[in-house]
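**Q** The residues making up each chain are set out below.
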Amino acid sequence: EDVLVFAAASTTDALESLAPAFQQESGHRVRFAFGASSDLARQVMAGAPADAFLSADEAKLDLVERAGLVQAGSRVDLVSNRLVVVVPAGSALKVTGPADLKGLKRVMLAEPAAVPAGVYAKAWLTKAGVWADVAPRVVPAVDVRAALAAVEAGRADAGVVYATDAAGSKKVRVAFTVPEADAPRIAYPAAALTRGKAPEGGLAFVRFLQTEAARKEFRRLGFLDVSGVKAAPDASGHAATIDAGVPRAVPTPKSGAGTRKDAP
Amino acid sequence: MELSLRLPLARFTLEVEARFTSASVAVLGRSGSGKTSLLEVLAGLRRGATGRVVVDGRVLLDTSAGIDVPPEARRMGYVPQDALLFPHLTAGQNVRFGVRAGRPSRVDEAVHLLELEPLLHRYPVTLSGGEKQRVALARALATDPALLLLDEPLAALDVALKERVLPYLLRVRDEARVPLLYVTHQLGEARALAREALLLDGGAVKAVGPADTVLGTVARGLLTGEPEENILEGTLDHPAPGSTRLRVTEGLSLWVPDAPELSHGTRAAYAVPAEDILLSTGPLTGVSARNVLEGTVTKLEDAGAGECATHVDVAGIRWVVRLTHAAVRELSIAPGLRVYLAVKSSACRRLAQGARLSGPAAP
Amino acid sequence: MELSLRLPLARFTLEVEARFTSASVAVLGRSGSGKTSLLEVLAGLRRGATGRVVVDGRVLLDTSAGIDVPPEARRMGYVPQDALLFPHLTAGQNVRFGVRAGRPSRVDEAVHLLELEPLLHRYPVTLSGGEKQRVALARALATDPALLLLDEPLAALDVALKERVLPYLLRVRDEARVPLLYVTHQLGEARALAREALLLDGGAVKAVGPADTVLGTVARGLLTGEPEENILEGTLDHPAPGSTRLRVTEGLSLWVPDAPELSHGTRAAYAVPAEDILLSTGPLTGVSARNVLEGTVTKLEDAGAGECATHVDVAGIRWVVRLTHAAVRELSIAPGLRVYLAVKSSACRRLAQGARLSGPAAP
Amino acid sequence: MDEGLTGLVLFTVAVAALSTALILVPGVAAAYALARWRGPGRGVVETVLALPLVLPPTAVGLVLLELLARDSVLGRLLDAVGVEVVFTPKAVVLASAVMAFPLLVRSARAGFEEVDPRLVAVARTLGDTRMRAFFRVTLPLAWRGVLTGALLAFSRALGEFGATVLVAGNIPGSTQTLSLAIFQRTQVGQDAEALKLAGVAVVLAFGAMYVTEVVTRRRGARGLA
Amino acid sequence: MDEGLTGLVLFTVAVAALSTALILVPGVAAAYALARWRGPGRGVVETVLALPLVLPPTAVGLVLLELLARDSVLGRLLDAVGVEVVFTPKAVVLASAVMAFPLLVRSARAGFEEVDPRLVAVARTLGDTRMRAFFRVTLPLAWRGVLTGALLAFSRALGEFGATVLVAGNIPGSTQTLSLAIFQRTQVGQDAEALKLAGVAVVLAFGAMYVTEVVTRRRGARGLA
Ligand SMILES: Nc1ncnc2c1ncn2[C@@H]1O[C@H](COP(=O)(O)OP(=O)(O)OP(=O)(O)O)[C@@H](O)[C@H]1O
Ligand SMILES: Nc1ncnc2c1ncn2[C@@H]1O[C@H](COP(=O)(O)OP(=O)(O)OP(=O)(O)O)[C@@H](O)[C@H]1O
Ligand code: MOO
Ligand SMILES: [Mg+2]
Ligand SMILES: [Mg+2]
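Residue numbers (the working numbering), protein chains in the order written: chain F, 49 to 312; chain Y, 6 to 368; chain V, 6 to 368; chain U, 238 to 462; chain H, 238 to 462.
If we strip away everything but chain F, and leave its shape as in the complex, we get:
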């Protein structure tokens, strides 16, 4: 059986380039379904036969885990990303800190109530104490890509996106990189799931993502290592550090609660 991996859209390039290596190493063919993490989580909960899930934020994987669909002990925070402020390539705008966003007309954010990138951006600005002033200037985009596109078109003064997204575009310039210290903890957690057709393949893939070769590839594309990542995930290690804006985001499940009796 092929291994089916659900992964946040922002990891497309990385995973696609890693796929051949995984196949060679494990003998499993891998297929990806990229999308918005929130959609992917919903799909998994509705019964999608995914073997592994790489989410752009912890809250989405929490939901899945709470539904008992995560293979026990497989969850791991894989990589981190960095938020950057981008401006149109020709823009002379100087951004030296969050406060500079206050005076702009339009600031693109992925939907701050739901989409991880937006959620993180909002958390950063809140922490910096400027959210109240920036909020009225915010244009909530459907996803990071849409936020980026608006800046590319020159129809927004600036946008807060992932460094990985900004790296791929020639039409924007990174005006400011949010220091790791100021940003909320950004983690892309991954886990093997129970209801796929190749559960052990899923587990193998999650393990593979933790190999140095995989990490190197992620880093090459601009991802960061997760600060304080533990090799063996521990439930207490990823207590939601941000307000995911999801009312159902409830306390983390107990370790091991994700195994179902009927799971293979």
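Simulated from the structure, these hints should not be mistaken for lab results. Backbone N, C-alpha and C define an ideal beta-carbon position, used for all residues, glycine too. A few of these clues could be false.
Stated by the list, open to error - Think about it this way: if two alpha-carbon atoms lie no more than 25 angstroms apart in a straight line, the pair counts; the simulated BS3-like pairs of lysine-lysine are: (1) K153/F - K175/F; (2) K433/H - K219/F; (3) K153/F - K327/U; (4) K218/F - K433/H; (5) K245/F - K264/F; (6) K245/F - K327/H; (7) K175/F - K142/F; (8) K153/F - K218/F; (9) K245/F - K150/F; (10) K153/F - K219/F; (11) K304/Y - K349/Y; (12) K142/F - K153/F.
Stated by the list, open to error - So the derived label-pair ranges between C-beta atoms look like this: (13) P277/H - T18/V: 34 to 40 angstroms; (14) R105/V - A78/Y: 49 to 55 angstroms; (15) A254/U - G280/H: 15 to 21 angstroms.
Given chain F, work out where chains Y, V, U and H with the ligands should sit, using these hints.
**A** Showing chains Y, V, U and H with the ligands alone in chain F's frame:
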């Protein structure tokens, strides 16, 4: 065939009570009198019709018994007034539309007779008016129907074609024993095809019966605008029983039947059927008719049915007298001839107030 | 009016060369002969027509000069064969469709004459065939057109209505000086309305000229199926110039004009116009006609135009002789009567091989 | 919330109605041209017109964004005259209009193709120019198709999401339509709220349908069985 | 890549064609019923049928997902008979079909409403049952509307994204259609690749249009100016 039906229409309700014994009925009536509606009811196409229809012993409609045979089971060969060809089919496909394998069909016959061979592959939009009508006729004939419902099927045909089609319809009627109901405005066509006739007027049956009778009298008035009756208005004068007269003009008085209920001097209108007048070229003496009027022939008109409408001016009033062509010939009647009209007083029928026939009135 | 046009159709090309001087032209021809197409070309509705059309001094079409006046500028009052009412408008709105403020209109007149008052608020779907035709006629009349193009506008009307509409059309023609081109299958209608006539056959002009001439001779043959000519076939016998005879049967020979190019014994066909035969009730002596044939009257048929088609059996061959009704009356001609036919040899026209008229042939 | 809902509904209806109204004239004109004109290159025109239908809405949105970009021809022009489109209600109208356009054109075209050209011909003999006949005969007779197209366009405008969200953003109180709001609620996991909004959308759809129904009601009928 | 492209195109066409084919019979039946039946409750039926059009596709996708979820009634039923729908090509077909349905029904309905009932009546006098007359007269005469509807449905199926991505996922080689692939490429900023795929979609749309065109070509014409 037994009809007893009602159908509400825009301005009146079509009400037909009639029973036919022959295999061919002409349906006549002025424009908008309900002819097409009647055919549609028979074909089972009209919603809202009530009553009873029996054709050839088969009850097709009996609303009181809850019977309403669907159109496809009625086997009516309906030729609509406006052809209504299927626009998505060629003429040939139209003709064959109702043909079913294993059932008799007269496609080839109809196609040949109606000269449709060169049109078979054409679509209706490019056909001429007469061509469409022929295709529609062939389409109905081809199905070998139990009754043909023909709504002016020859109206757009030239006379030559008509004269070939009419005998064919007669053959279908007689040899294949397919009865027909034939709507037409042409008395000639009606006479050629029909043994019985139904005359409609404003949705009501104006006359029904043997074709000769219906076509000869009432129909002519309604259809041709020619008065079948001479209408005379004047003042009544009845000094004593048995001597009532209608004074029409100075020079023209008419003995009419007694009307004791009407007082002397009353205005009244009388009708004298054109058929009931005797015409003579010599002075009339010793005839039983009480009225003898002298006048001059002004016009001779062919009235169909071998008859001739002879117009006679009597003291300024135009009378119409119906004579056979033979009589006209024998008496050498021609305009300008001095003639005498004999009118029995019993032939003078008093018209109720406002009760004139709906056809145009004379004189 | 001056027509010189070509229009390719499915089976033939319509080719009309004609010049009319009067204000009323009847267009006749069998079903599919091109009548409607001609009217459509005149109305400017047909793509692909070439040639020249001049009406009332206005050049409407001249393809060589690149002139093609658009339909809306032609001011043609076109009444299509199938009414073509606008289905989304009431009868009244249909009638007023072409009326423009500030331009003369005859709406009220037309509505009244065609008895449309009770129909004005109705939509076309619910109108009867004749009602639709009346609305279409009123719609065209109402615009006060420069030329009326009428395509069998009275076909679905009853005779009474027809007899009111015809005189009205004549009045429009004469008082309002609106010329008309009138398609009909009915000789009577054509005769009543038209001063000139155009007879089409398979897209070609078969005859054109004064109505009397066209309707009296050629048209009748083509339209009614009645042979206007007596066709005789036989063997030629010409011993010497000036004494050529056609032996038709044992008992019937006919002196015909010399035909030196044909050898003795050749089979040949001759046509003798029914009009060119003189009929007598007594033996004919001393007449200039070379052929005198004795026969018996078998049938008398009204042929319209005040004429009567008299069928005479001569030695087993049926001859048709055209006589006026007056003559029939004066001579007291009736079936069974012994009569004599005088046929001048010059009236016998030899038909080229296979060159019979397209109408059905006699005898 | 209910006050906000009213505003949302009004805005949504206004936007859908406006975008439908906006494309009505060009859409009907295009439909008519396509129904009549049988020249070459027609297939190409048709395909271009159908693009918004066959491409994923998001892609259409991206293309629109490109077209309106600050350094694009159109963008410069708009900037020059001081008209802001992107991320304003105008963008909502624009996106809905573009997405609805092919639906209108296709349906209207089918309507025009059903019109009997002989009726138009008769109108012209009665003195109507091509243009007048179009308005007095062709259009009224193609009405059913045109209205069906308009209804489809309006409904699509109500439901449009992908293209709109890209060029207009999902700004509550400014560019957020019912559709965007529903999406947002589902995104945030407020399914009950989303359902409620969906119910409102259904009512709107029903209203549009009802209006169309009343307008196209058949006039007279022969009363056939 | 080109081999993958061929597969993608074939899959997309197959899916769009299949979903159109799937809704053809029920859609045409619904359209006919709506065109003929003037009873009460009709507006409600119409609105329900139009839902996929007026709701944002994502919402429709979510509803479908809920309906087919493993623990839903329908989901259990499907599981019981061993039919997997969600995240299989079947789901793509299902989502496209649902989204395209209202387009087909509306257009086909307009087509049916143009059919002269008198022609159907004549067919019945010629021995056709209601059913036979439907297939021999009504349907051929409503052809233009039905085909327009089918074309719209097919095009929509080509372009469908929002609902599909939710119930079928965006799984290359399994559920990814051209539309999903285009979306994915734009997501990753591979605009050139996205454009190329969009070009392919346009060619498909053109093909569909062309086929429809050929099929609906008018038969004969009076040759009016
Ligand atoms: N658009 C067309 N293309 C090809 N052929 C046509 C077209 N329109 C008519 N025809 C054919 O041309 C011939 C003449 O048609 P037209 O309608 O002019 O006849 P018509 O004389 O009016 O006949 P009718 O008395 O039956 O109405 C017919 O054979 C008809 O089938
Ligand atoms: N569906 C309908 N609803 C209401 N009135 C109708 C309907 N159909 C016909 N009528 C009216 O009923 C009357 C009779 O119509 P019908 O078609 O039967 O007349 P007809 O005798 O065939 O006339 P014509 O000789 O002109 O064809 C007309 O006045 C017509 O307008
Ligand atoms: O598509 Mo994401 O969930 O913003 O990376
Ligand atoms: Mg009638
Ligand atoms: Mg004609």
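**Q** Which numbered conditions among the earlier hints are violated in the structure presented, ordered from lowest to highest?
**A** Hints 5, 9 and 13 not satisfied by this model.
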